[in-house]
Amino acid sequence: MRYSERELLSLSRQPAEKAAEILMRAPKKGSVLKKRLVKLVVNFLFYFRTDEAEPIGALLLEHCKINKEEENVFSISFIEEPDRKYSFECDTEEQCQEWIEALRRASYEFMRRSLIFYRNEIQKMTGKDPLEQYGISEEARFQLGTRKL
Amino acid sequence: MKLHETSVLGYSRAAAPPDRQGRLYKKSERSSAYQRRWCELRGNLLFYWERQGDREPLGLILLEGCTVELQESATEPFTFEISYPQGPPGHRAYKMAAEDQASMEGWVRALSTASFDYLRALLMELEGQYRASGALGTTPLEERAARGGLAGAQAGIEGHQPWWSAGTGKWGQSICQIFTL
Chain A
1 MRYSERELLS
11 LSRQPAEKAA
21 EILMRAPKKG
31 SVLKKRLVKL
41 VVNFLFYFRT
51 DEAEPIGALL
61 LEHCKINKEE
71 ENVFSISFIE
81 EPDRKYSFEC
91 DTEEQCQEWI
101 EALRRASYEF
111 MRRSLIFYRN
121 EIQKMTGKDP
131 LEQYGISEEA
141 RFQLGTRKL
Chain B
1 MKLHETSVLG
11 YSRAAAPPDR
21 QGRLYKKSER
31 SSAYQRRWCE
41 LRGNLLFYWE
51 RQGDREPLGL
61 ILLEGCTVEL
71 QESATEPFTF
81 EISYPQGPPG
91 HRAYKMAAED
101 QASMEGWVRA
111 LSTASFDYLR
121 ALLMELEGQY
131 RASGALGTTP
141 LEERAARGGL
151 AGAQAGIEGH
161 QPWWSAGTGK
171 WGQSICQIFT
181 L
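Line order of the protein sequences matches chains A and B. If you're matching positions, the first sequence starts at 1 in full-length UniProt numbering and goes up one per residue. If you're matching positions, the second sequence starts at 1 in full-length UniProt numbering and goes up one per residue.
So here's chain A without its partners, still in its complex pose (with noise of 0.2 angstroms):
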């Protein structure tokens, strides 16, 4: 599959939603923990040598669990390959817990789930559609009822 190296690159140069240096360990068989800058922009999540300016590899963080593993551990796994898990070993139970927080609101489903739930109670305390005034009402994406709280 096709996509321009050059506009991930850009994005993951961009001021990150939450950066920090975890150990991190790849689905592969045999892998082992290695320790990784990893970083949060929008909805994907870079990591890098602690060394390097260029990210090893991205994720995008759509149709995925965050899953809490055991102390200071969480993992990200796809829906489509559930059993396919990265691992990510924090400094503390603290730091652990943060992040799994900040993967799981990070996703542009769940952004966009909040935005037709805060929709739909203004629309109903105000009488009033929030979105009119910047011409997207009629947008596909925001429609209420399309798709499940």
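To be clear, the hints were calculated from the coordinates, so they are not data collected in a lab. A portion of the hints provided could be inaccurate.
As the list claims (entries may be wrong) - Ranges between beta-carbon positions, derived for each pair:
1) A:THR126 to B:GLN86: 14 to 24 angstroms
2) B:ASP100 to A:GLY30: 30 to 40 angstroms
3) B:ALA93 to A:GLU54: 20 to 30 angstroms
4) B:SER28 to A:ARG84: 32 to 42 angstroms
5) B:SER32 to A:MET1: 20 to 30 angstroms
6) B:GLY59 to A:LEU33: 28 to 38 angstroms
7) B:GLU72 to A:LYS29: 14 to 24 angstroms
8) A:ARG13 to B:ALA102: 31 to 41 angstroms
9) A:GLN97 to B:ARG13: 27 to 37 angstroms
10) A:THR50 to B:ALA15: 53 to 63 angstroms
11) A:ARG2 to B:ASP100: 35 to 45 angstroms
On a predicted model such as this, the values are computed, not experimentally measured, just so you know. We put the beta carbon where it would ideally sit given N, CA and C, even for glycine.
Take the given structure of chain A and dock chain B to it, following the hints.
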């Protein structure tokens, strides 16, 4: 850099309908010819296939930090361009053509409002309105979590600052820029 394909393929095959779908013509980088593609917009990603119904997408276009502009061209009607003005020089721009005026306008509108940053800006705005409208105390996410409404553990408890405000801060500009179509 490796973009893990599993993560992307799963999203491209999601059961929920895409935000927009249809036929577009994409100008090839190499040959400059327009090639017919089946396109589906999901979130901040535009996927394209050779044909509708093909399993694996040919490619994807990331819609962050891009501008979408109509092209006024007599020789290439209904065309628009996705470009990355803030990117380093040499960034590729994507020239696309729709089948008619209505389709072109629909796509331009949809693609212009597709970024995560834009969604985040909207959310901040709506969250502010929600609080201002007299909703007190807990945020809707907390209420839903308490009622067990939101799926599983996704409803974290928010602090005083909305979680999405810990972002780039460019949001203020995003909303204003978008509608100078």
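These are the hints, each one checked on the structure:
| no. | hint | in the structure |
| --- | --- | --- |
| 1 | A:THR126 to B:GLN86: 14 to 24 angstroms | 36 angstroms, violated |
| 2 | B:ASP100 to A:GLY30: 30 to 40 angstroms | 55 angstroms, violated |
| 3 | B:ALA93 to A:GLU54: 20 to 30 angstroms | 23 angstroms, holds |
| 4 | B:SER28 to A:ARG84: 32 to 42 angstroms | 34 angstroms, holds |
| 5 | B:SER32 to A:MET1: 20 to 30 angstroms | 23 angstroms, holds |
| 6 | B:GLY59 to A:LEU33: 28 to 38 angstroms | 33 angstroms, holds |
| 7 | B:GLU72 to A:LYS29: 14 to 24 angstroms | 56 angstroms, violated |
| 8 | A:ARG13 to B:ALA102: 31 to 41 angstroms | 38 angstroms, holds |
| 9 | A:GLN97 to B:ARG13: 27 to 37 angstroms | 31 angstroms, holds |
| 10 | A:THR50 to B:ALA15: 53 to 63 angstroms | 39 angstroms, violated |
| 11 | A:ARG2 to B:ASP100: 35 to 45 angstroms | 27 angstroms, violated |
When the structure is compared with the earlier hints, violations turn up for hints 1, 2, 7, 10, 11 and for no others.
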